Amino acid sequence: MNIKERKRDGIVILELSGKLMGGPDAASFDETLKTLLHEGSFNVIVDIGNISWINSTGLGILISGYSTVRKSGGEMKLLNVSDRIQSIFMVSKLHTVFKSYSDEEDAVKSFA
Amino acid sequence: MNIKERKRDGIVILELSGKLMGGPDAASFDETLKTLLHEGSFNVIVDIGNISWINSTGLGILISGYSTVRKSGGEMKLLNVSDRIQSIFMVSKLHTVFKSYSDEEDAVKSFA
Amino acid sequence: MKSTKSDIILKVPSKLLYLGVPDAVMMEMAGDLPFPVSDMEMLSTAVIEACTNSMEHGNGMNEDNFVEMHFSFLEDLVRVTVLDNGPGFDHESWVPPDDLMAQRGRGVKIMREFTDELIYDFADDGRFRLTLIKKMKPE
Amino acid sequence: MKSTKSDIILKVPSKLLYLGVPDAVMMEMAGDLPFPVSDMEMLSTAVIEACTNSMEHGNGMNEDNFVEMHFSFLEDLVRVTVLDNGPGFDHESWVPPDDLMAQRGRGVKIMREFTDELIYDFADDGRFRLTLIKKMKPE
Ligand SMILES: Nc1ncnc2c1ncn2[C@@H]1O[C@H](COP(=O)(O)OP(=O)(O)O)[C@@H](O)[C@H]1O
Ligand SMILES: Nc1ncnc2c1ncn2[C@@H]1O[C@H](COP(=O)(O)OP(=O)(O)O)[C@@H](O)[C@H]1O
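Residue numbers (my numbering), protein chains in the order written: chain A, 1 to 112; chain B, 1 to 112; chain C, 1 to 139; chain D, 1 to 139.
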């Protein structure tokens, strides 16, 4: 998994690519979020449009990140969830936890 | 390999997709061309932009098609040759045989 | 279900890096078989879970221990078996954590939901074997 | 060249349908390894030629005969061996047809051009084995 970081209207967008599957991915995602929170960025959009697949360990990474951001009073939302990943959210009932958007502007505006 | 057929300015464009690797591909490409020639379409553009890879048997199919069209007084040109396929043309010196284009309009105009 | 020889056999070391390989194999075959891509994706997701577990719980992430997979593409179903060198486990008695926010423990649930049949036994050579079967409706 | 265990082992029946599988494996690995994608593509193209030949000339397109491949991803090279059940052949003495428009006979030439080393021998069990090696410059 790779992470690219950019900002739009003050909201941080993390673009993930590759496979989200635990191992070293956990630490790199966690560190990225902690640095952002430390710098005062509490609202984060995670774009997973370029994630080819995710396993249950990868789900754990998203959940842990979500909790970390929440604890700091921020919010983490998802962008571009593929049908394949959406079906995994459904069977794990995580679609009730993660707010997700298919349009970047909508996602950014949702923080307003 | 799949073949879709369409026309632009009187020129037939065959859009190939999948893998070009001999076996049943040979007969289906050959029959498509023979039908076109029979119907009086002598100028053909073969768009291989959606061919993921080609092997040497697949090269043979293109060569055979090229010769068939030539014998009828027509011309067969290629469109959207990927870098991967171009490198195979180079080592087989077939880039000296096949005229290829990266722009559909240029390819169509070249028959004018 | 016809019993046939496996079509494809794949062996990879127990290293997360290789988890993408069975998925690449399944998705490559999905492109040529007359089955719905979403069904192949679900089965592949289940296979990734099985492999992750075989690497982690079965082979203890020891790279010298391979995970072996057999893929059978039949007329109306796809069957994948996953073998590891561990003690095995009874997935039927596994109760996933209740907590929606639990970080682990979802693999077996995903395998159950995304397959039609999930069978565990041991191969003749003693390796633990999980068989995942998904019925396919040709399109 | 370090001698290491193969990383990935793949077995497919002798059927053209399965030619895409080794390519899918190589390209999946290409996405994660620090090697130029074009080098991996060239090697994969050579491997497809080797498999096509093993299916056709080695195994006589008999689907009960498998083509077995071993992939080793080392620090500065990738090595792939391809095994079939046929009589084998000496690729060094093969002279490709001169005719630019010949329909066949380009496989060995493509393998030579797209690899750094091409070795043939027989495995301990008597199977014909072609080894394809391509040096890789980590990016
Ligand atoms: N191949 C296996 N060998 C041994 N134990 C396994 C295997 N697969 C799963 N298990 C056991 O089943 C439990 C549940 O697996 P799973 O639902 O995938 O959750 P997780 O792997 O996150 O713990 C694991 O914690 C492990 O104890
Ligand atoms: N695995 C193999 N086993 C036996 N003979 C082979 C094998 N691979 C190649 N050959 C021989 O080498 C020749 C040249 O192969 P190639 O250059 O790929 O051209 P083609 O397969 O189109 O004839 C083949 O015609 C065949 O006689």
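No lab work stands behind these hints, which were simulated from the structure alone. On a predicted model such as this, the values are computed, not experimentally measured, just so you know. Check before you lean on any hint, since a few could be wrong.
[Said to hold, decoys possible] Here are the simulated DMTMM-like pairs of lysine to aspartate or glutamate, each with C-alpha atoms no more than 25 Å apart in a straight line:
| no. | chain 1 | residue 1 | chain 2 | residue 2 |
| --- | --- | --- | --- | --- |
| 1 | C | 15 | D | 99 |
| 2 | B | 93 | B | 15 |
| 3 | C | 15 | D | 139 |
| 4 | C | 11 | C | 39 |
| 5 | D | 11 | C | 68 |
| 6 | D | 15 | C | 39 |
| 7 | D | 11 | C | 99 |
| 8 | D | 109 | B | 15 |
| 9 | B | 71 | D | 99 |
| 10 | D | 15 | C | 99 |
| 11 | B | 93 | D | 68 |
| 12 | D | 135 | C | 63 |
| 13 | D | 11 | C | 124 |
| 14 | C | 135 | D | 139 |
| 15 | C | 11 | D | 68 |
| 16 | C | 137 | A | 83 |
| 17 | A | 71 | C | 99 |
[Claimed, not checked] So these bits of chain C aren't anywhere near chain D, every CB distance computed over 12 Å:
| no. | residue |
| --- | --- |
| 18 | 23 |
| 19 | 32 |
| 20 | 86 |
| 21 | 136 |
Every residue, glycine too, gets a C-beta built ideally from N, C-alpha and C.
So, going through the hints one by one against the coordinates:
For the hint pairing residue 15/C with residue 99/D, the CA-to-CA distance comes to about 48 Å; that exceeds 25 Å, so the pair is violated. With a C-alpha separation of about 24 Å, the suggested pairing of residue 93/B with residue 15/B holds against the 25 Å cut-off. At most 25 Å may separate the alpha-carbon atoms for a hinted pair to count; residue 15/C and residue 139/D meet this at roughly 22 Å. Between residue 11/C and residue 39/C the alpha-carbon distance is near 23 Å, which keeps this suggested pair within the 25 Å criterion.
Using a Cα cut-off of 25 Å, the hinted pair residue 11/D and residue 68/C holds, with the two alpha carbons roughly 11 Å apart. Distance hint between residue 15/D and residue 39/C is fulfilled; the C-alpha atoms sit about 24 Å from each other, no more than 25 Å. Between residue 11/D and residue 99/C the CA atoms are separated by roughly 42 Å; this puts the pair beyond 25 Å, and the hint is violated. Between residue 109/D and residue 15/B the alpha-carbon distance is near 28 Å, which puts this suggested pair outside the 25 Å criterion.
Restraint check for residue 71/B and residue 99/D: satisfied, since their Cα atoms lie roughly 17 Å apart, inside the 25 Å limit. With a CA separation close to 48 Å, the supplied pair residue 15/D and residue 99/C exceeds the 25 Å bound. Between the alpha carbons of residue 93/B and residue 68/D the distance comes to roughly 31 Å, so the proposed pair goes past 25 Å and is violated. Proximity of residue 135/D to residue 63/C is assessed by CA-CA distance (about 24 Å); at most 25 Å being required, the pair is judged to hold.
Restraint check: the Cα-Cα separation between residue 11/D and residue 124/C comes to about 20 Å, which is no more than 25 Å; the hinted pair holds. For the hint linking residue 135/C to residue 139/D, the alpha-carbon distance of about 43 Å lies beyond 25 Å, and the restraint is violated. Restraint check: the Cα-Cα separation between residue 11/C and residue 68/D comes to about 11 Å, which is no more than 25 Å; the hinted pair holds. For the suggested pair residue 137/C and residue 83/A, the alpha carbons sit about 19 Å apart, so the restraint of at most 25 Å is met.
At most 25 Å may separate the alpha-carbon atoms for a hinted pair to count; residue 71/A and residue 99/C meet this at roughly 17 Å. With a closest Cβ-Cβ approach of about 8 Å to chain D, residue 23/C is found to fall inside the 12 Å limit, against its non-interface label. With 12 Å as the threshold on Cβ separation, the claim that residue 32/C sits away from chain D is violated: the shortest Cβ distance comes to roughly 6 Å. With a closest Cβ-Cβ approach of about 20 Å to chain D, residue 86/C is found to remain outside the 12 Å limit, as its non-interface label requires.
The beta carbon of residue 136/C sits about 16 Å from the closest Cβ of chain D, which is more than 12 Å, so the claim that it is off the interface holds.
The structure does not agree with the numbered hints 1, 7, 8, 10, 11, 14, 18 and 19 stated previously, though it agrees with the rest.
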